[in-house]
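> Okay, here's what each chain looks like letter by letter:
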Amino acid sequence: DAGVTQSPTHLIKTRGQQVTLRCSPKSGHDTVSWYQQALGQGPQFIFQYYEEEERQRGNFPDRFSGHQFPNYSSELNVNALLLGDSALYLCASSLMVTAEAFFGQGTRLTVV
Amino acid sequence: KQEVTQIPAALSVPEGENLVLNCSFTDSAIYNLQWFRQDPGKGLTSLLLIQSSQREQTSGRLNASLDKSSGRSTLYIAASQPGDSATYLCAVLGGNFGNEKLTFGTGTRLTIIP
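Which chain is which? The protein sequence lines are A and B, in order.
Quick note: the first sequence uses our numbering, first residue 1, plus one each step.
Quick note: the second sequence uses our numbering, first residue 1001, plus one each step.
Take these hints with a grain of salt, some might be off.
[As the list claims (entries may be wrong)] Per label pair, the in silico range of CB-to-CB distance:
| id | chain 1 | residue 1 | chain 2 | residue 2 | range |
| --- | --- | --- | --- | --- | --- |
| 1 | A | PRO70 | B | ASN1063 | 37 to 43 Å |
| 2 | B | THR1026 | A | PRO61 | 21 to 27 Å |
| 3 | B | ARG1061 | A | GLU54 | 28 to 34 Å |
| 4 | B | LYS1042 | A | LYS13 | 41 to 47 Å |
| 5 | B | GLY1016 | A | ASP62 | 33 to 39 Å |
| 6 | A | ASP30 | B | THR1026 | 37 to 43 Å |
| 7 | A | THR14 | B | ARG1072 | 44 to 50 Å |
| 8 | A | MET96 | B | THR1026 | 36 to 42 Å |
| 9 | B | SER1070 | A | GLU100 | 20 to 26 Å |
| 10 | B | GLU1015 | A | GLU54 | 44 to 50 Å |
| 11 | B | GLY1016 | A | PHE69 | 47 to 53 Å |
| 12 | A | GLY16 | B | ARG1072 | 42 to 48 Å |
| 13 | B | ALA1009 | A | PRO70 | 29 to 35 Å |
| 14 | A | HIS10 | B | THR1005 | 30 to 36 Å |
Simulated from the structure, these hints should not be mistaken for laboratory data.
Ideal placement from N, C-alpha and C gives every residue a C-beta, glycine not left out.
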């Protein structure tokens, strides 16, 4: 079992650009959630996808959007990047029934 | 709004000691509570999950307790080892649907001195 996999591991973008991060959930999981972790802080909830729909959203602007595919994999898109979007982006997968979260290794996004 | 606090923010102990990390939360309407470990620049590794109806869980040298009514959880690490050095994060699961959003504390940075 490969666990939760995220790509890419590191990314450098220029302010104003757009970025897409990808996540493959743990085998058998049907739910994917995305979190943003700034340096020295705990992760902050961005949104959760289940059955290809956004189920719940945290306090993030519309520049942050996502998608879940029929194979349960997911993408996080961020438009019009700001310097403050620099962070570690974490994907978590779970089964809706048990709700135990398993995290990937994250994507380190740096906006310059 | 759920808030999670972890005390202490940092802790250094000699190898072999037993230690306790603390976590408190403001809203007792939680689905479950998870303890995670995070190494620098890495993702989160799940250590223990306690369902809201449970009082404690154990895995090897780790024991986590949950007192939902008082909004507290503790993570007990026995016979600490240098490899235990990491940041430990506590998170409670809740939200509008009850089980979609993890709210995290800011973590306890643990250093085990050989």
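> Now, for every hint given, state plainly whether the structure supports it.
Going down the list of hints, with the structure as the test:
no. : hint                                : verdict
1   : A:PRO70 with B:ASN1063: 37 to 43 Å  : holds, 41 Å
2   : B:THR1026 with A:PRO61: 21 to 27 Å  : holds, 26 Å
3   : B:ARG1061 with A:GLU54: 28 to 34 Å  : violated, 40 Å
4   : B:LYS1042 with A:LYS13: 41 to 47 Å  : violated, 21 Å
5   : B:GLY1016 with A:ASP62: 33 to 39 Å  : violated, 52 Å
6   : A:ASP30 with B:THR1026: 37 to 43 Å  : violated, 30 Å
7   : A:THR14 with B:ARG1072: 44 to 50 Å  : holds, 45 Å
8   : A:MET96 with B:THR1026: 36 to 42 Å  : violated, 26 Å
9   : B:SER1070 with A:GLU100: 20 to 26 Å : holds, 24 Å
10  : B:GLU1015 with A:GLU54: 44 to 50 Å  : holds, 46 Å
11  : B:GLY1016 with A:PHE69: 47 to 53 Å  : holds, 49 Å
12  : A:GLY16 with B:ARG1072: 42 to 48 Å  : holds, 45 Å
13  : B:ALA1009 with A:PRO70: 29 to 35 Å  : violated, 43 Å
14  : A:HIS10 with B:THR1005: 30 to 36 Å  : holds, 31 Å
In this structure, the hints that do not hold are numbers 3, 4, 5, 6, 8 and 13, in rising order.
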